[in-house]
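Protein chains: 2
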Amino acid sequence: MSVVVVGSVAYDGVETPHGKIERMLGGACTYIALASSYFAKTKIVGVVGNDFATEDEQFLAAHGIDLEGLEHVPGKTFYWAGVYSADMNDRTTLRTDLNVFADFAPKLPASYRDSPYLILGNIQPALQRSVRAQMNGLRLAGGDTMNYWIRDYREELIETIREWDFLLINDAEARMLSGEYNLKRAAAKILSMGPHTLVIKRGEYGAILFHRHWHFIVPGYLLEEVFDPTGAGDCFAGGFIGYLAEQGFDLKNGHIDPKELSRAVIFGSVLGSFCCEKFGVERFRSLTRAQIDERFQEFRTFTEF
Amino acid sequence: MSVVVVGSVAYDGVETPHGKIERMLGGACTYIALASSYFAKTKIVGVVGNDFATEDEQFLAAHGIDLEGLEHVPGKTFYWAGVYSADMNDRTTLRTDLNVFADFAPKLPASYRDSPYLILGNIQPALQRSVRAQMNGLRLAGGDTMNYWIRDYREELIETIREWDFLLINDAEARMLSGEYNLKRAAAKILSMGPHTLVIKRGEYGAILFHRHWHFIVPGYLLEEVFDPTGAGDCFAGGFIGYLAEQGFDLKNGHIDPKELSRAVIFGSVLGSFCCEKFGVERFRSLTRAQIDERFQEFRTFTEF
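Sequence lines, in order, name chains Y and Z.
Take the working numbering: the final residue in the first sequence is number 305, and no numbers are missing along the way.
Take the working numbering: the final residue in the second sequence is number 610, and no numbers are missing along the way.
It should be emphasised that the hints constitute simulated quantities derived from the structure, not laboratory data.
Wrong hints could be hidden among the right ones.
Taking CB as the label site, the calculated pair distances span [as the list claims (entries may be wrong)]:
#1 Asn394(Z) to Leu98(Y): 34 to 42 Å
#2 Trp214(Y) to Arg594(Z): 23 to 31 Å
#3 Asp395(Z) to Glu155(Y): 20 to 28 Å
#4 Gln439(Z) to Arg185(Y): 47 to 55 Å
Interface residues of chain Y toward chain Z, partial, derived using beta-carbon atoms under 8 Å [to be verified]:
#5 Lys184
#6 Arg185
#7 Tyr205
#8 Gly206
#9 Phe216
#10 Ile217
#11 Val218
#12 Pro219
#13 Glu224
#14 His255
#15 Ile256
#16 Lys259
#17 Thr303
#18 Phe305
Please read these numbers as outputs of a predicted model, since none were measured by experiment.
Beta carbons are placed, not taken as given, at the ideal position from N, Cα and C, and that holds for glycine.
My request is simple: use the sequences and hints to build the entire structure.
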């Protein structure tokens, strides 16, 4: 079953200890959609300028991604540039040119509206809300946010996530949103805001999924070389929603299967780990579903006791 | 089968966001032995001054710990004081009075020498080596170290761990010892120094066990309240060696069972997590084996998928 992904489609300039790329395809929507495309039909909603390269569009199309909702407007595509610290745990933004993204007002094509799965990349909460309102018969909807919206758009954000099934954020964001340092307490507070499922991403340390009465923790995959962590969190989100869409996950017609949600966290982790192996979206040029399934099995091997 | 534990027996002054204790029983040997005592007969080697309280000795004895190797000498017991940061991920040492520990020269009672399991707390590498040399028929020997020995006693330390089966250190120490930031590469280098098994402790993020051709990762247990992390790493070590001793782990008469080593890491994590629930060794006044086994099962529940 199909997944609708909404968010930024961008060009990124990235510098890590392994090298520097001036301009490469990026954006949350791009990463989420690429990861999700290995599991389910994926439809994107985004906006690009007239500098958006045909080859980049072809690359997305080659992954079976539906581009009907990718709006082309005069101007330049969103551009972001940043540099990572030596250990790659911190990054500094060097440049953020919103360009055509500044006026992004997501419009869903009619063919998207009945998709059962929706994932909202990190954009203004009111926009996320407007997208959800355009859809019918959703089985599962949720998304990401960031410190900026938590701090300066708090009420709007809380209104928005109240309608979500899941929220996918990192540990610092969870602490900021809840006002609790301890993650277990933070999770309890956030779950009382609406979503039945909270996934807290912890970078190299993995992720925790909190549901009302249980939680699941996965450690991060050990890579020998992290080339570029850009997009890893979004790829996590894409693997998570993609797998659930593939399984036809449905909350309303039955109980939640904790193991199914847990496996979605593993597939999220798998996709996030592959993302780091090359710069930007490069790893997705060669990545196969067989490699994804193999790494999923690896997670079993190194976590079972 | 019995475990010999060597290391500091001390009094600690600790301040965390939850409170301040001027003086409480502590020391690596104490924590390791308490944790190990739930699994196997545990014999300690350490030194205390004439200020060492009878009630503290009784507390250890009540856990079945053999105190024959606890030397009493004139003077004061080792005293350490420190204060934790608000998030408890960092601590600052306020005071280190070595006192009688300054001249510690571990002497093994004859009744300890045939114990099959030896764990060496963080002391000077040459002392650790001298203890190992006093023992016969060891099945498994290893221990801990710290940044000071890695930096200033490097050659001595490398000579020492060459004879060990396992090394149990934290991530910063593994990076320092190997000169590699990446933990997978760091582990490969350290395993080439002698030990067949390396356990890297990651504090709240859990631990990784590296063996030559495989590794096992466990996430940290989520506590709602961390009262005092003092001793958690040592309790991890005690749970690890204690469980292996209980199982009669033997490398020489058979192959290594990865699942048995992995379960030892889980028991280490379980004991480390209990340690944080109260100040100092307080949790060990009420902790039962049934609670330990229950938490072990909890680890299965929140890691299985």
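- Message: So, against the hints stated earlier in the document, which numbers end up violated here?
- Response: Violated: hints 3, 14 and 15.
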